[in-house]
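Trainee: All chains, full assembly: derive it from the sequences and hints.
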Amino acid sequence: MFFCWRIDMRGRKPDAPGLQQAKGNPGRRKSAVQKRMDEAERIAGLLAQAPTGGDPLAPPAIIEQGPAASAAVAVWRDLAPRLRATQRLQPQHRPMFALFCVYFSEWVIANEDIKANGLTQRVKTVAGGVMERTRPIVAIRDKAFDLVMKLSERFGLTPSDEYSLFREQAVAFAANPGLFDREQPQKADAEPAAAEAQADNGSLIGAMDRMDSAPPTLN
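Sequential numbering from 1341 applies to the sequence shown in the numbering used here.
One thing to keep in mind: the hints can contain errors.
What the hints assert, rightly or not - Taking lysine to any residue and the SDA-like style, the derived pairs with C-alpha atoms no more than 25 Å apart in a straight line are:
1. 1483 x 1452
2. 1353 x 1371
3. 1455 x 1485
4. 1455 x 1515
5. 1455 x 1472
6. 1483 x 1494
7. 1353 x 1375
8. 1464 x 1453
9. 1483 x 1419
10. 1483 x 1463
11. 1375 x 1404
12. 1483 x 1454
13. 1375 x 1405
14. 1464 x 1474
15. 1490 x 1511
16. 1464 x 1476
17. 1490 x 1405
18. 1483 x 1472
19. 1483 x 1404
20. 1455 x 1479
21. 1490 x 1508
22. 1490 x 1374
23. 1490 x 1452
24. 1455 x 1480
25. 1490 x 1436
26. 1490 x 1451
27. 1483 x 1406
28. 1490 x 1371
29. 1490 x 1510
30. 1455 x 1478
31. 1483 x 1435
32. 1490 x 1422
33. 1490 x 1404
34. 1490 x 1429
35. 1490 x 1463
36. 1455 x 1474
37. 1483 x 1375
Keep in mind that the hints were calculated from the coordinates and are not lab data.
Mentor: Here is the structure:
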């Protein structure tokens, strides 16, 4: 009579992440779970860090670290004051605008690499020959460009997007006076209100209002 024994070769079942952390790691290297937890805590600390210098629109700490930090901060410092002046950047918008600055800096870095090293590289084929292929950095640059363009729409950073955004703001203000930190004029202030209306006629929003026309009617 022959007996067949089943041998399980799968090894020991790994502990749950919480239990593994409680037991510790007997080796000198951190476990993969601990590394992920440490990185999550580091990022959470950067996100929760208050703006420096008391400025609610200072660059967030999370973009002040990493290889693209200097470029990302430079983009922030260049554009943030202009966006703030036109009511397009508020403290609650900092995370989204930080993404724009990071992607913009990635595009700049990738583009500089392409200018220095070219679009293509020579690689060996399976047959032993050599052929030209597009360098991976080109795809990185193109992906960063797409993300920059998508986020630029949110803040009106192209002429077309800026026009559309200002026009929407003008319509929203007309329907909701006081929405953009401008008080609704009282009846007793008819003359100041008229003067303000004349001033608005020379502004960008006033110019766009004058371009509005009633929709066509069907006879």
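Trainee: Decide, hint by hint, whether the structure agrees.
Mentor: Hint by hint, here is what the structure shows:
With a C-alpha separation of about 15 Å, the suggested pair residue 1483 and residue 1452 falls inside the 25 Å cut-off, and the hint holds. About 16 Å separates the Cα atoms of residue 1353 and residue 1371, which keeps this hinted pair within 25 Å; it holds. Between residue 1455 and residue 1485 the alpha-carbon distance is near 16 Å, which keeps this suggested pair within the 25 Å criterion. Between residue 1455 and residue 1515 the alpha-carbon distance is near 49 Å, which puts this suggested pair outside the 25 Å criterion.
For the hint pairing residue 1455 with residue 1472, the CA-to-CA distance comes to about 17 Å; that is within 25 Å, so the pair holds. Our distance criterion of 25 Å between C-alpha atoms is met by residue 1483 and residue 1494, whose separation comes to about 18 Å. As the CA atoms of residue 1353 and residue 1375 are separated by approximately 20 Å, the hinted pair is consistent with the 25 Å bound. A hinted pair counts as satisfied when its Cα atoms are at most 25 Å apart, and residue 1464 with residue 1453 qualifies at roughly 22 Å.
A threshold of 25 Å between alpha carbons decides the hint, and for residue 1483 with residue 1419 the separation of about 22 Å falls inside it, so the pair holds. Only pairs whose Cα atoms come within 25 Å are accepted, and residue 1483 paired with residue 1463 is accepted, the gap being roughly 23 Å. Among the hinted pairs, residue 1375 with residue 1404 is consistent with the structure: their alpha-carbon atoms are about 21 Å apart, no more than 25 Å. Annotation: proposed proximity of residue 1483 to residue 1454 holds, straight-line Cα distance about 14 Å (limit 25 Å).
Pair hint residue 1375 plus residue 1405 holds up; C-alpha atoms about 18 Å apart against a cutoff of 25 Å. Distance check on the hinted pair: residue 1464 and residue 1474 sit about 13 Å apart at the alpha-carbon level, within 25 Å; holds. Annotation: proposed proximity of residue 1490 to residue 1511 holds, straight-line Cα distance about 23 Å (limit 25 Å). Taken as a hint, the residue 1464 and residue 1476 pair is honoured in the structure, with Cα atoms around 16 Å apart against an allowance of 25 Å.
Among the hinted pairs, residue 1490 with residue 1405 is consistent with the structure: their alpha-carbon atoms are about 24 Å apart, no more than 25 Å. Restraint check for residue 1483 and residue 1472: satisfied, since their Cα atoms lie roughly 21 Å apart, inside the 25 Å limit. With a CA separation close to 22 Å, the supplied pair residue 1483 and residue 1404 stays within the 25 Å bound. Restraint check for residue 1455 and residue 1479: satisfied, since their Cα atoms lie roughly 14 Å apart, inside the 25 Å limit.
The hinted pair formed by residue 1490 and residue 1508 meets the criterion: a straight-line CA distance of about 18 Å does not exceed 25 Å. With a CA separation close to 35 Å, the supplied pair residue 1490 and residue 1374 exceeds the 25 Å bound. Between the alpha carbons of residue 1490 and residue 1452 the distance comes to roughly 22 Å, so the proposed pair stays at or under 25 Å and holds. Pair hint residue 1455 plus residue 1480 holds up; C-alpha atoms about 14 Å apart against a cutoff of 25 Å.
Of the pairs offered as hints, the one joining residue 1490 and residue 1436 holds, with about 11 Å between alpha carbons and a cut-off of 25 Å not exceeded. For the hint pairing residue 1490 with residue 1451, the CA-to-CA distance comes to about 19 Å; that is within 25 Å, so the pair holds. Between residue 1483 and residue 1406 the alpha-carbon distance is near 19 Å, which keeps this suggested pair within the 25 Å criterion. Between residue 1490 and residue 1371 the CA atoms are separated by roughly 38 Å; this puts the pair beyond 25 Å, and the hint is violated.
For the hint pairing residue 1490 with residue 1510, the CA-to-CA distance comes to about 23 Å; that is within 25 Å, so the pair holds. About 11 Å separates the Cα atoms of residue 1455 and residue 1478, which keeps this hinted pair within 25 Å; it holds. At most 25 Å may separate the alpha-carbon atoms for a hinted pair to count; residue 1483 and residue 1435 meet this at roughly 20 Å. About 19 Å separates the Cα atoms of residue 1490 and residue 1422, which keeps this hinted pair within 25 Å; it holds.
Between residue 1490 and residue 1404 the CA atoms are separated by roughly 23 Å; this keeps the pair inside 25 Å, and the hint holds. Taken as a hint, the residue 1490 and residue 1429 pair is honoured in the structure, with Cα atoms around 16 Å apart against an allowance of 25 Å. The suggested pairing of residue 1490 with residue 1463 is violated, with an alpha-carbon distance near 34 Å, which exceeds 25 Å. At most 25 Å may separate the alpha-carbon atoms for a hinted pair to count; residue 1455 and residue 1474 meet this at roughly 14 Å.
Taking the CA atoms of residue 1483 and residue 1375, the gap is about 28 Å. The hint is violated against a cut of 25 Å.
Checked against the numbered hints given earlier, this structure breaks hints 4, 22, 28, 35, 37; the rest are met.
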